[in-house]
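One line per chain: the protein sequences are A and B, in this order. If you count by this note's numbering, then the first sequence holds residues 1 to 676, one letter each, in order. If you count by this note's numbering, then the second sequence holds residues 1 to 676, one letter each, in order.
These aren't lab readings, by the way, just hints derived from the structure by calculation. Since the model is a prediction, treat every value here as computed from it, not as a measurement. The reader is advised that the hints may include incorrect statements.
Copies of the same chain look alike in the list, so a pair counts if it works inside one copy or between any two.
[Stated by the list, open to error] SDA-like mimics (lysine to any residue), calculated; alpha carbons at most 25 Å apart, straight line:
id, residue 1, residue 2
1, K170, S538
2, K283, A397
3, K170, D210
4, K283, D185
5, K499, E315
6, K36, D571
7, K170, Y350
8, K470, Q453
Protein chains: 2
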Amino acid sequence: MPGHLARPIGAAPGQCYEEVRRAIATHTVRFEPSDKVVQVPTGTLLTEATRLAEIDLNIPCGGQGRCGRCAVIVADGGGGVRCRSTVRLSAEDVAAGYVLACQTVIQGDAVVTIPPQEKIERRLVTDKTAGEITLPFTYDPQQHQPMRLMSLTIDPPTTHDQTDDWSRLKRTMATMFGVLDLVADLDTLRSLAGVLRQADWTVTAVVEADTWDRPEGPPRLVDLLPGDRTQHLWGAAVDIGTTTVSVYLVDLLTGQVVAKAAEYNGQIRRGEDVISRIIYASKNDGLAELQSLVVATINEVIQRAARRAKVDPGEIHKMTVAGNSTMIPLFLGLPAESIRLDPFVTTINYPPPVRASQLGIAVHPQANVDCLPGVASYVGADISAGVLGSQMCDSEATSLFLDVGTNGEIVLGDCDWLISCACSAGPAFEGAGVRDGMRASVGAIEEVWINSQTYEPTYRVIPDPRLEAKGQPTPPRGICGSGLISLLAETFITGVIDKAGNPNLHTGSPRIRQGEHGPEYVVAWEGETEHGRDIVFSKVDVDNLIRAKAAIYAGFTVLAQSVGTDLSMVDQVLIGGSFGQYINIEKAIQIGLLPDMPWEKFRFMGNTALQGALLALLNRGVRRQVAEVARRITYLELSADNTFFDAFTSALFLPHTDLTSFPSVAEVLASREDEP
Amino acid sequence: MPGHLARPIGAAPGQCYEEVRRAIATHTVRFEPSDKVVQVPTGTLLTEATRLAEIDLNIPCGGQGRCGRCAVIVADGGGGVRCRSTVRLSAEDVAAGYVLACQTVIQGDAVVTIPPQEKIERRLVTDKTAGEITLPFTYDPQQHQPMRLMSLTIDPPTTHDQTDDWSRLKRTMATMFGVLDLVADLDTLRSLAGVLRQADWTVTAVVEADTWDRPEGPPRLVDLLPGDRTQHLWGAAVDIGTTTVSVYLVDLLTGQVVAKAAEYNGQIRRGEDVISRIIYASKNDGLAELQSLVVATINEVIQRAARRAKVDPGEIHKMTVAGNSTMIPLFLGLPAESIRLDPFVTTINYPPPVRASQLGIAVHPQANVDCLPGVASYVGADISAGVLGSQMCDSEATSLFLDVGTNGEIVLGDCDWLISCACSAGPAFEGAGVRDGMRASVGAIEEVWINSQTYEPTYRVIPDPRLEAKGQPTPPRGICGSGLISLLAETFITGVIDKAGNPNLHTGSPRIRQGEHGPEYVVAWEGETEHGRDIVFSKVDVDNLIRAKAAIYAGFTVLAQSVGTDLSMVDQVLIGGSFGQYINIEKAIQIGLLPDMPWEKFRFMGNTALQGALLALLNRGVRRQVAEVARRITYLELSADNTFFDAFTSALFLPHTDLTSFPSVAEVLASREDEP
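Work the whole structure out from these sequences, hints included.
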């Protein structure tokens with residue numbers, strides 16, 4: 001479903017063309033694949049032609065030729081059109097017939113193909129029906145899965161054989177399946193007598209053969225089901241994000257993800273970022289409250305996924321959990337205070353397996369809840385899982401893995417070495433500490449383009465589905481993380497602010513003004529907004545964002561320096577985390593958040609933590625490997641490193657003190673200066 | 001504290017003697033060790049002389065010379081006295097100067113030594129300050145005890161060593177004590193960060209090195225205490241009886257029992273006997289209710305013992321539990337219904353170790369609660385523990401081990417073989433199913449003697465300490481188990497009832513009468529009783545008791561027959577269970593409950609289950625041995641055995657159809673017939 005421009009600007013209104021059409025020769029433009037045809041006069045912009053054809057083509061930058069989003073293909077070598085600019089297109093693109101619709105005028109008949117439009121994904125990308133997930137191995141439950149279903153028919157007791165129920169079950173398990181030394185928790189034993197008799201001694205045992213910390217077993221009876229129940233075996237992979245909790249419901253017999261769901265972490269109401277949650281947890285019953293809030297969220301998403309797949313949540317017999325180094329302790333009810341205080345130490349990086357009932361998770365009470373291991377107090381299981389999911393730990397290429405959230409967690413390395421750090425970027429990229437910042441939900445401005453002549457913005461809002469269904473635009477309420485990156489880059493590139501982040505109050509634009517709390521840029525006037533107040537981007541916001549990006553970039557620098565090199569050694573940049581999926585690489589480079597490298601070196605990994613949890617849920621070998629990877633990653637504590645402060649200070653400019661490290665940005669800035 | 005006779009009969013009142021004294025020569029009688037002296041006339045009964053000297057000598061049979069309890073020693077070969085009967089004294093006793101005070105008249109000066117009076121123990125024998133317990137081994141905590149205290153000082157974390165708390169603790173444990181692979185439950189991990197920092201990194205680890213089911217470990221961190229806390233390590237041994245819950249609080253560093261406590265099992269209000277509790281547990285939330293009732297009782301006795309020893313119950317780090325085959329499942333919350341129903345199978349005879357918090361036991365939440373194993377559905381951990389505690393499993397002598405309760409659980413064997421059965425005697429010996437039956441508490445008649453001439457009874461009541469302090473007798477409320485055995489034997493021996501249990505209504509005594517529900521014997525008239533109603537012993541009661549004793553005796557017979565022999569092979573009879581301590585062997589033989597053997601072959605073992613729990617708590621070798629013993633004991637299901645019914649039918653007489661098996665009873669009956 002394509003987005004829409006809440007306040008589109010650019011081409012003049014249609015009436016003008018009606019007049020012109022009478023005066024000038026008209027041409028036939030046919031659009032593929034919709035097969036729509038329009039007649040337009042010479043000189044008509046291709047974007048206007050699409051509008052007349054009622055084709056919804058995104059023009060995020062408002063037709064400045066800067067965003068490159070309106071690329072279309074003109075047949076027959078581009079005959080019938082003239083391109084004013086191809087700055088956003090590669091030579092291969094041009095050779096393939098691509099033009100930017102906003103920079104192309106019609107001067108003859110033309111056939112134009114509109115490629116599939118870039119989807120405007122919502123943040124809760126995983127809260128929808130399951131798609132195909134590609135596993136990096138061919139799933140073989142017998143080999144990979146420690147969970148087993150065993151169907152048994154047991155000889156019932158007689159007065160001549162009064163063996164107790166448990167010994168009787170164990171005897172049959174040993175004879176039929178060679179399972180020795182079976183153990184069971186008290187809760188499982190409590191249901192034994194009832195199930196065996198109810199099922200007339202034909203039952204299905206759900207057995208966990210081993211766990212990551214006990215590869216030799218003993219096998220554990222997780223559940224005993226009446227009758228033959230070997231058709232299904234369910235598991236859940238969960239990622240607890242500071243903002244979003246995501247779940248995959250998984251068929252452990254096939255390895256298929258059968259449903260997905262996601263929801264905002266219920267802890268948000270007690271603090272937007274990890275630090276405020278740690279502080280909240282350290283007071284009174286805060287820890288217990290946060291624990292139960294996240295458990296309630298997990299239960300909700302599990303129930304939602306289970307409902308979609310028509311599965312009883314009580315039949316989910318295993319769960320793996322990834323999460324950052326604060327989310328995992330809070331989930332387990334472990335105090336997190338020491339994470340926040342020098343020397344920043346956590347209780348346990350390799351949590352033991354626990355039972356669902358110990359945590360209040362509403363799956364089978366005896367399900368093993370396996371939290372993936374973290375590296376250090378600020379490099380959690382999400383990163384271990386991400387490093388594994390990205391396979392950077394198996395590659396000869398040097399990778400820079402980045403998870404941007406409240407903290408920027410960074411891992412640099414290859415199959416031989418891995419080094420990590422965490423930069424306390426603060427929550428600015430999550431919309432906190434920014435006056436009109438908000439989370440990426442309905443009404444958030446998620447992309448901004450500014451006209452470098454008029455300083456007028458174009459923005460895209462995360463739509464309200466109900467308004468969208470009626471064809472109405474969604475008024476903005478604030479700006480989310482990707483919108484802020486976009487806004488910082490655009491204000492910088494267009495000269496609204498300078499490299500130190502100071503607004504230029506002398507442009508004559510009413511949008512750049514002295515506000516109540518210092519200079520600010522008006523993104524949306526009160527008449528356009530939901531709450532009837534101006535949405536602004538202030539100097540304070542700018543400074544917060546610059547500090548955040550500087551911390552992350554300094555992290556890259558220090559990691560590279562710590563191994564005696566610099567960022568030029570990096571073969572690929574892997575961007576993990578669900579927020580990462582929405583970072584516009586160009587904008588992120590322009591503000592100096594990401595290093596200036598060819599775009600093809602960047603890979604969006606999606607929710608690597610959730611992927612890692614999925615792989616660990618399915619494959620005992622991967623699960624052990626996560627633990628090994630976590631152990632292999634060297635953690636560099638930045639607070640103990642003077643070079644970090646130097647690198648941070650150097651990065652407190654847009655894009656950086658050293659502009660030579662950002663040649664593509666220097667080029668854009670130079671081209672702006674050339675503009676009339 | 002000696003008992004008192006609520007309604008003493010026998011010697012005439014003192015005034016008579018004053019008159020006689022004037023007429024007849026008087027003699028000086030000095031009593032040792034009190035050094036009291038009285039002057040009495042010729043012909044004075046020695047019991048009367050003690051009364052005049054204000055010495056409280058028990059005369060349970062009212063001075064008939066039948067109970068033998070008033071044995072005293074007369075110095076100088078018995079000069080100055082004349083013995084009318086020494087039937088209750090052995091030749092050795094007579095040679096040592098013993099006489100029965102009630103059968104001895106003064107005819108000269110005499111020096112009489114009163115031996116220490118037999119204590120009238122209350123049923124809750126263990127609910128008092130700890131006495132010395134003799135262990136069958138020299139306790140060496142290093143060798144025997146799987147629990148360890150380890151005092152550690154840990155290097156605190158720095159920014160250069162950010163190892164997580166758990167790994168840091170494990171590292172120190174490995175270096176200082178060679179403890180590898182330490183594990184901890186989530187609850188323990190939750191307190192880790194706080195304790196380490198509160199204690200400034202000097203702590204004491206409470207570690208369980210192994211458990212009975214995992215002799216190889218892994219060692220488990222049960223608790224982490226701030227500072228050096230190696231002075232104390234506490235454990236609790238618990239016996240859950242159907243009627244009484246008893247506890248020993250134990251210093252695991254020395255092996256000393258430091259306090260004892262006992263209380264009635266709170267489940268009693270939901271059923272007196274195991275069968276009614278199983279039925280109650282199988283309905284609605286009955287199981288959960290019974291589980292929490294017994295847990296509440298256990299918590300109460302533990303708290304009481306802990307208060308006596310000035311120990312915080314939260315510092316009890318280990319617990320072993322013995323109990324019968326119904327009490328253990330109900331304690332663990334395991335359904336017991338199948339125990340009651342053919343083919344009488346329990347869920348598990350070897351329960352796994354559980355944590356105190358899983359059961360709601362108010363000791364340290366992570367304390368291992370280790371329930372000792374049972375043999376079969378009606379031969380529980382109390383019997384395994386009893387067999388081990390009695391050491392019959394190590395002896396070449398053939399022992400008959402008996403625990404009389406609702407069920408008579410019997411084990412026959414030696415170091416080579418052990419065979420057991422359970423006879424459903426019913427709850428008659430516990431006072432249930434008997435019209436005026438009651439538990440052995442304040443106001444219960446616990447011993448009865450009947451005058452064979454007048455049929456007038458003398459009884460002893462368990463006193464109310466408050467009344468006793470004021471020197472007032474406690475009025476009876478009913479008859480407890482030992483009182484019923486006593487009453488059945490006395491009514492039989494004195495001819496109130498015949499060998500089939502039928503009362504003789506033609507004696508002329510108003511005490512033997514036709515009651516509302518058939519013939520009955522009045523034990524106490526309404527004017528004497530607490531509730532103002534007659535306390536009676538009816539034909540129905542007699543029949544119930546005869547069936548109960550017949551079931552147990554039949555059990556002995558069948559066990560002996562099953563190994564191709566009879567009871568004459570038995571070298572010793574070991575009587576376990578706290579009720580066993582109150583069985584009067586002579587009376588029990590007279591009714592045919594116990595086999596007719598020389599009294600020295602009987603040994604009262606006390607609460608063998610509690611003793612077994614204590615040994616298993618202290619000694620890991622013993623703990624494993626209990627499991628081996630439980631496995632070694634062959635269980636004979638009587639319901640599948642026709643010989644049992646035959647043996648039972650033969651035993652439905654007093655003492656038995658075959659009087660030749662009870663020569664001592666035959667002798668007493670013959671001597672009664674000789675009486676005038």
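Q: Hint by hint, work out which the structure violates, then give me just those numbers in ascending order.
A: 1, 2, 5, 6 and 8
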